[in-house]
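Visitor: Each chain, letter by letter, is given below.
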Amino acid sequence: MNEELVQSPVKTIIKEFFRRKLTILGLVGFFSMLLASTIIPFFFPMELHDFDIGQFNQPPSMNMMRIPRAARGNIRLLDAGSGYGVGVSFDNEIHVWGTVGSHARPLLSPPQPNRPISGVSAGDYHALAVTEDGYVYAWGDQNAVFQLNDVPPGIQGNVVTAVAGRRFSVALTRDGRLHTWGNWADLGRLSTGRMPRDANPVQLEANWLTAGVRTGDGYVYILLATTREIRYVPEEIQGWIADFAMADNHIGAVLDDGTVVVWGISGNPVMDIPDGIQGRAVSIGAGRDHFTVLLNDGSVASWGSNVHGRTNAPTVRNAVSVTVAGDHNYVMLENGGVRTWGLRGFIFGTDAHGRCVFTRLWHAGRYSLLIGMVAVMVQGIIGLLLGGLSGYYGGKVDMFLMRFQEAVSSIPFLPIALILQFRFRDNFGEIGGMVFLMVVMGLLNWPGLMRLVRIQILQAKEAEYVLAAKALGVKQAKIIFSHIMPNVASAAIVLLTLALATSMLTETTLSFIGFGVSEPTPTWGNMLSGSNNSVVLRDQWWRWAFPAVSLVTVAISINLIGDGLREATDPRTQGR
Amino acid sequence: MLFRTMPGDPIELYLPLEMQSGLSPEQLRLMKNEIIETMGLDRNHFVQYFYWVASMARGDFGISMETRQSVLDHVRSPMANTITMNVFSMFLVFAITIPVGVYSALRRGRLFDNTALVGSMIGLSIPGFLFGLIMIVLFAIIFPVFPMFGMASIMPPDEGTLAWYQDRLRYMALPLLSIVFMGLAGMIRFIRSAMIDALNMDCIRTARAKGLAEKTVIYVHAFRNALIPIITVMAGFFIGIFGGSMAIEITFSWQGMGQIMLNALNLRDISVLMAMNVFYALIAFTGLLALDIVYVMVDPRIRFD
Numbered sequence: 001m002n003e004e005l006v007q008s009p010v011k012t013i014i015k016e017f018f019r020r021k022l023t024i025l026g027l028v029g030f031f032s033m034l035l036a037s038t039i040i041p042f043f044f045p046m047e048l049h050d051f052d053i054g055q056f057n058q059p060p061s062m063n064m065m066r067i068p069r070a071a072r073g074n075i076r077l078l079d080a081g082s083g084y085g086v087g088v089s090f091d092n093e094i095h096v097w098g099t100v101g102s103h104a105r106p107l108l109s110p111p112q113p114n115r116p117i118s119g120v121s122a123g124d125y126h127a128l129a130v131t132e133d134g135y136v137y138a139w140g141d142q143n144a145v146f147q148l149n150d151v152p153p154g155i156q157g158n159v160v161t162a163v164a165g166r167r168f169s170v171a172l173t174r175d176g177r178l179h180t181w182g183n184w185a186d187l188g189r190l191s192t193g194r195m196p197r198d199a200n201p202v203q204l205e206a207n208w209l210t211a212g213v214r215t216g217d218g219y220v221y222i223l224l225a226t227t228r229e230i231r232y233v234p235e236e237i238q239g240w241i242a243d244f245a246m247a248d249n250h251i252g253a254v255l256d257d258g259t260v261v262v263w264g265i266s267g268n269p270v271m272d273i274p275d276g277i278q279g280r281a282v283s284i285g286a287g288r289d290h291f292t293v294l295l296n297d298g299s300v301a302s303w304g305s306n307v308h309g310r311t312n313a314p315t316v317r318n319a320v321s322v323t324v325a326g327d328h329n330y331v332m333l334e335n336g337g338v339r340t341w342g343l344r345g346f347i348f349g350t351d352a353h354g355r356c357v358f359t360r361l362w363h364a365g366r367y368s369l370l371i372g373m374v375a376v377m378v379q380g381i382i383g384l385l386l387g388g389l390s391g392y393y394g395g396k397v398d399m400f401l402m403r404f405q406e407a408v409s410s411i412p413f414l415p416i417a418l419i420l421q422f423r424f425r426d427n428f429g430e431i432g433g434m435v436f437l438m439v440v441m442g443l444l445n446w447p448g449l450m451r452l453v454r455i456q457i458l459q460a461k462e463a464e465y466v467l468a469a470k471a472l473g474v475k476q477a478k479i480i481f482s483h484i485m486p487n488v489a490s491a492a493i494v495l496l497t498l499a500l501a502t503s504m505l506t507e508t509t510l511s512f513i514g515f516g517v518s519e520p521t522p523t524w525g526n527m528l529s530g531s532n533n534s535v536v537l538r539d540q541w542w543r544w545a546f547p548a549v550s551l552v553t554v555a556i557s558i559n560l561i562g563d564g565l566r567e568a569t570d571p572r573t574q575g576r
Numbered sequence: 001m002l003f004r005t006m007p008g009d010p011i012e013l014y015l016p017l018e019m020q021s022g023l024s025p026e027q028l029r030l031m032k033n034e035i036i037e038t039m040g041l042d043r044n045h046f047v048q049y050f051y052w053v054a055s056m057a058r059g060d061f062g063i064s065m066e067t068r069q070s071v072l073d074h075v076r077s078p079m080a081n082t083i084t085m086n087v088f089s090m091f092l093v094f095a096i097t098i099p100v101g102v103y104s105a106l107r108r109g110r111l112f113d114n115t116a117l118v119g120s121m122i123g124l125s126i127p128g129f130l131f132g133l134i135m136i137v138l139f140a141i142i143f144p145v146f147p148m149f150g151m152a153s154i155m156p157p158d159e160g161t162l163a164w165y166q167d168r169l170r171y172m173a174l175p176l177l178s179i180v181f182m183g184l185a186g187m188i189r190f191i192r193s194a195m196i197d198a199l200n201m202d203c204i205r206t207a208r209a210k211g212l213a214e215k216t217v218i219y220v221h222a223f224r225n226a227l228i229p230i231i232t233v234m235a236g237f238f239i240g241i242f243g244g245s246m247a248i249e250i251t252f253s254w255q256g257m258g259q260i261m262l263n264a265l266n267l268r269d270i271s272v273l274m275a276m277n278v279f280y281a282l283i284a285f286t287g288l289l290a291l292d293i294v295y296v297m298v299d300p301r302i303r304f305d
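Respectively, the protein sequence lines represent chains A and B. Just so you know, the numbering used here puts 303 at position 303 of the first sequence, and the rest follows in order with no gaps. Just so you know, the numbering used here puts 286 at position 286 of the second sequence, and the rest follows in order with no gaps.
These aren't lab readings, by the way, just hints derived from the structure by calculation. C-beta: ideal position from N, C-alpha, C; glycine also. A portion of the hints provided could be inaccurate.
One side only, chain A facing chain B, incomplete, derived with CB under 10 Å [unchecked claim]:
(1) LEU22
(2) ILE24
(3) ASN200
(4) GLN203
(5) PHE413
(6) ALA417
(7) LEU418
(8) PHE422
(9) THR506
(10) LEU510
(11) SER531
(12) SER534
(13) ARG538
(14) ALA548
(15) VAL552
Turn these sequences into a full structure, and let the hints steer you where they fit.
Guide: Here is the structure:
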């Protein structure tokens, strides 16, 4: 028989705990998720109200600006849509690269006209190619409602240039007239109201909800505007405009003398034109919320909102032209190369509002873990307190508390939680609502712990060593803290660990039904809540798979740890 | 009473907008007063509560704001659905967990036991609704065997025929599977540990020492002792399953109490909510009562005089 070293119980517990492989696995799993949810949010900050509608339901990818090898160094014309790019090579072949949602899949198979192409334009859902002899080819979303591909037959053979917006297209024919097709709702708001009849349009621009036209004599007229601020082009620059570009709520223009002017909703970083480019600009491009200009020394500059690194312009000296769309920037160099910056893709895809699932996943992890932990703390405090009272004093107190406990534990959890959440959630605001959820979960879940603590204390009170301690005249406080508490604590810790997993699952369930934490604050539950829908389940797996996997990983890890703790602390199971 | 403090004016809810718009303000005022009078909304909350208890005792739960039916009619068929499903799943859960739990207790530390433990651990870590979603993906999308959502086909076969039952069962399969799954994990672990505790009792050693057949020892002596904690948990399970099935009903758009509750909350349908609470209280009460009765049956030591 081996002689066993006499160890303190704590040491034994720790040793037992680390002996099991599954427990170690659980620890590693839990702490890596915890660390990831704590650290990653610092590097990927999240704007709660920042929706990028141009990028909704994008599948996971990093290839949004990866020009295919066949076209590299060989691109003549280039334009970008949201998530994808279109390029025409010197041998007149159309290449499409990048990521599009399932609705716009036909975008990836462009037509190959055998006429020389003079221009391409990429919109959100469709793209256009114009040939030198005036034909327009449209391809993209085939939803019949939007009629994006129905080029009016009358203009074929006469088109000078064409531009694709979100769900509409505008084409300019040789006679100087504008033609539109696409979604009726967008077309209804397009108007040439301010443009004189004898104007001589030469340049068309469109963003996803804006469109404008520049005439040969340097005037800009707005066809479609999101806000009143951009509809009125400053009078003093009319007649001098050499190039313009439209962002969501702003318009940028380059004047004949190289000055850059931006107008639109004020107080936006887009309005802060960087110093040192005035007088040097040649042409301008606009994304959703930023501008990029090409300067006369062949360098480029970007400014505006730097979401997805949109404005991290590289230092180049030999740029020829810039192409900007959505979150992407391309600059063509003299040697035929293309430099890109901005959004390369979403590693975990995006949700229905165009929010990055990767970022939200870790922020959600932070909230989910926090809610679970605080709920467990609340239930721990109540359970320990009431269990302690009940076990220690016994008698009438015990009787009353036990009946109270029975009443609470016989309430079905979900219905009551729903009602409480529904009634009081709106009274507390965003953060308060979350705190309330934690408190509700704690308030309804304490009876298990309370029973456990009570039983432990009752057992400990009867135990011979406590009797011995009493007989030796040890002070009551010391008996409680050094003889009774350790027993209670180890059992309570096991139970609370397992309760952490349960609380997180409960939070998830509540949020899934829509009565937990409400959007836009992410939790794993409300990230899942949009997904009991056949389209999402079938085609947009990234929207539910990632939160589901993280949730289950954390829950399994916590349960493994809890099990390990139980086996380690419960002397009855040791060595079996 | 909690519901009375909810946002939303019951009178406004009771009178549909289109009805209001057709009336002059004077008529509207009269009508509102009439409703206030008939519904007793002008009284003190306590008085209202007493009226509610009194009419409830007579079986009158009021009128659903949503359908204008009496609450009982409104709730009847979903309640039947939920009860059918939950009773079904109860039977399945116990038919599976008791043998598995007992067997795994007997084979402690062996392959079967470890598999059951790891399996139930994973089960404990997946919320029911998520399991439901996984089931949908597996059995309705990848292998389209069962329908995704809903209660019955758009054109159901005649009621009462064999085909009708088949149709109902097909739509019930996935939600039922999810509810059963939800119950399995925790139950297996509990039965296993109750059985282990029972097997460690002194009386088992005595029985073995007497030379009783191992089967008799396990099924007569040990299992009877394990039954008491199992029954306690059963009662809790019975209460919990009605709450827990809500999330799954919502996942599968199954017309049960969960859906009714959600609708009632969203429409602030107070009388339905009150009736639902009575229903859940009744479930809890029945569960606890059944528990006491079964205790007496199982454990001859317990007597309620």
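Visitor: If a hint holds in the structure, say so; if it does not, say that too.
Guide: Hints and how they fare:
1. LEU22: Hint on LEU22 (chain A): holds, closest Cβ of chain B at ~8 Å, below 10 Å.
2. ILE24: violated, 15 Å
3. ASN200: The hint is violated - ASN200 (chain A) has no Cβ within 10 Å of chain B, the shortest such distance being about 54 Å.
4. GLN203: violated, 48 Å
5. PHE413: Holds, about 5 Å.
6. ALA417: Holds: closest Cβ of chain B sits about 9 Å from ALA417 (chain A), inside 10 Å.
7. LEU418: holds, 6 Å
8. PHE422: Since the shortest Cβ distance to chain B is 5 Å, the answer is holds.
9. THR506: THR506 (chain A) check passes; min Cβ-Cβ to chain B is 8 Å, inside 10 Å.
10. LEU510: holds, 9 Å
11. SER531: Status holds, d = 7 Å.
12. SER534: holds, 6 Å
13. ARG538: holds, 5 Å
14. ALA548: holds, 6 Å
15. VAL552: OK, holds: VAL552 (chain A) within 10 Å of chain B, min 5 Å.
Of the numbered hints given earlier, the model fails hints 2, 3 and 4; all others are met.
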